[in-house]
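Enquirer: First to last, the sequence lines map onto chains A and B. Numbering of the first sequence is given in this note's numbering, commencing with residue 5 and proceeding in unit increments. Numbering of the second sequence is given in this note's numbering, commencing with residue 524 and proceeding in unit increments.
Because the hints were derived from the structure by calculation, they are not lab data. Hints should not be assumed to be uniformly reliable.
Here are a few chain B residues that sit away from chain A, every Cβ distance over 10 Å (derived from the structure) [stated by the list, open to error]:
(1) 537
(2) 578
(3) 586
(4) 624
(5) 627
Short, incomplete list of chain B residues facing chain A, as computed with Cβ under 7 Å [unchecked claim]:
(6) 540
(7) 614
(8) 615
Sample of chain B residues lacking proximity to chain A, with all beta carbon distances greater than 12 Å (derived) [to be verified]:
(9) 577
(10) 587
(11) 612
Only a predicted model underlies this, so the values are computations on that prediction, with no experimental measurement involved. The beta-carbon is built from N, C-alpha and C at its ideal position, and this holds for glycine as well.
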Amino acid sequence: MNARTGQVSDIGEETTSDLYGRLVRLARAVFAVPGAALTVRGERQPVTLVASGVGRESAASTEPVWRYALGTGGVVVIPDLGASEMFGPGMFPLVTPAGVTPVRFYAGVPVHSSSGETVGVLAVFDHAPRTLDSVQRQILADLGAVLDRELSASGELAMAGEVQQLLLPREPPDLPGLEVAGRVLQARDAGGDFFDWSTVQGPHGTRLDVVLGDVMGKGMAASLVASEMRAVLRTHARYVGVLEAVRRTAETTAADLARLGRFVTLWSASIEPTGRIEYVDAGHGLAVVASPRGPRSLTQDQLPLGMPVASTWAAAHDWAAAHDVLEADELLVVVSDGVFDVFGSIGQAYDAVQELLAPGLTCAGAVDAIIAHASGAGTSDDVAAVVVRRTPSDAVRRTPSGAERRTPSDAVRRTPSGAERRTRTD
Amino acid sequence: MEFQELDRDGHVVLAPHGRLNLVSAPPLRARIGDLIADGRTRIVVDLGAVESVDSSGLGALIGCLKAAREHGGDLRIAAAGEQVRAVLRLTNLDRILAPYDSAEEAGREW
């Protein structure tokens, strides 16, 4: 969650690929060579992740040297490939495509994953024979060590992000009469926005429980808290109504949130196929029903979870639920503030929500349009959206949703981002 | 982050400037923690020179508010920009962290 300032923290935002790129450029500058590249193992063939100068074509034409460097334990320096015993004439001569100046000098350092496996080589290339002195060899080894550290850190973070995506609901609930879709796009590998849904047997038949939450802060730390919130809420929501579930979740997590100094906004609801909605808004404030009769917001004046409730605290509150009815021609839209941030005003946001009533737009299509709009507008915050509508119960549209939808719908007004995690190296 | 500190009669006014975020919030939080430990539990944070507050900054303010109240004092914010006010309204946090128009007004009753 960000404080809707339009300005987000300008630190720690550098992406992994940016860092790789900088290290490769640095290597090229330090050794004053025309090319440098980071080339890693691919499924079938080597993949040059980042290149500087003539690095890409140089890496392509020296693939046998890359294989050799991969198998060595340390810095490899070949002063003149043309004269080398291994890659020169009669051995494994390098084939250089027409129009590409042949590489004569090659120096590389293997880089490793967190498990110690050699995954690639950082290499520098020159068109003329040369060599490296001992200081330069050490510098190349040091650059390799920096990449090793970065690869292992980003690998773990990406894995955490993948786990987090897998914890989101993937299949639409099997509940005739209601259609739901949701998606989270994390600003980093992992983040604090989450949503969840499940079907529950209630006193009025089967209902759909839906929640969208936003943990203060970003990245890995926020994602850990998000996982806890989701788990606790899901556990309670199975057995009690939405109001009691939020109350119990607030109590259960209060000590953790206080100790961590974090708070969490939640919008949680039970929705029946008849359209009846019971909801609890814990400081989230971003739930709107788009309606041909004009939009209405489903918000309350309750505080986020994790707000310290000391004995001197006047705001100690008893949770309350509110009610609404979703008509057959309406659309319930819940978003995180990363989405809201890209609109200049609440009025603009409402206008955009109303556009989601476009005929033929599915819930998944609406979610895609929201995410694409927010990411296209350049938000650097996490963005999340859940959309619910009623369907004729004899023609329930099964809508896949979750993490991997990339096709923008007609309602997208700006360039979709394409990638599910915007800063992730692909 | 640089912040000015004014020792008023009965309360302390802290005036950070620039961005209140992941980097700049911890020093402010630490300073307010020290003040509270010294028994200076009435704090005004003047946001007049703050360009932006992100969620980490907001979290720091809430954390300081909690610490101040636990020690019998309070924390008030002053001169917050429209965007900070908007997020406080949206999250209903303005119920517990009411923005004052100016540092003078925030400290008036103290």
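Enquirer: Beyond 10 Å on every Cβ pair: is that true for residue 624/B relative to chain A?
Expert: Non-interface label on residue 624/B holds, nearest chain A Cβ at 19 Å vs cutoff 10 Å.
Enquirer: Would you say residue 577/B is clear of chain A, with no C-beta pair closer than or equal to 12 Å?
Expert: 5 Å, violated
Enquirer: Do the numbers back the hint for residue 540/B, that is, is its least Cβ distance to chain A under 7 Å?
Expert: 13 Å, violated
Enquirer: Is the Cβ of residue 627/B more than 10 Å away from each Cβ in chain A?
Expert: 24 Å, holds
Enquirer: When you look at the beta carbon of residue 537/B, is every beta carbon of chain A farther off than 10 Å?
Expert: 18 Å, holds
Enquirer: Over 12 Å from every CB of chain A: does residue 612/B meet that, or does the non-interface label fail?
Expert: It is violated; residue 612/B is separated from chain A by about 8 Å at its closest Cβ, not greater than 12 Å.
Enquirer: Are all C-beta atoms of chain A more than 12 Å from that of residue 587/B?
Expert: Nearest chain A Cβ is 10 Å from residue 587/B, so the label is violated.
Enquirer: Going by Cβ atoms, does residue 586/B stay more than 10 Å from chain A at every point?
Expert: Answer for residue 586/B: violated, closest chain A Cβ roughly 5 Å.
Enquirer: Go through the hint on residue 615/B and say holds or violated, using the shortest Cβ distance to chain A against 7 Å.
Expert: 5 Å, holds
Enquirer: Are all beta-carbon distances from residue 578/B to chain A longer than 10 Å?
Expert: Violated: least Cβ distance 4 Å, not greater than 10 Å.
Enquirer: Under the criterion of a CB-CB separation shorter than 7 Å, is residue 614/B in contact with chain A as hinted?
Expert: Hint on residue 614/B: holds, closest Cβ of chain A at ~4 Å, below 7 Å.
When each numbered hint is compared with the structure, violations occur for hints 2, 3, 6, 9, 10, 11.
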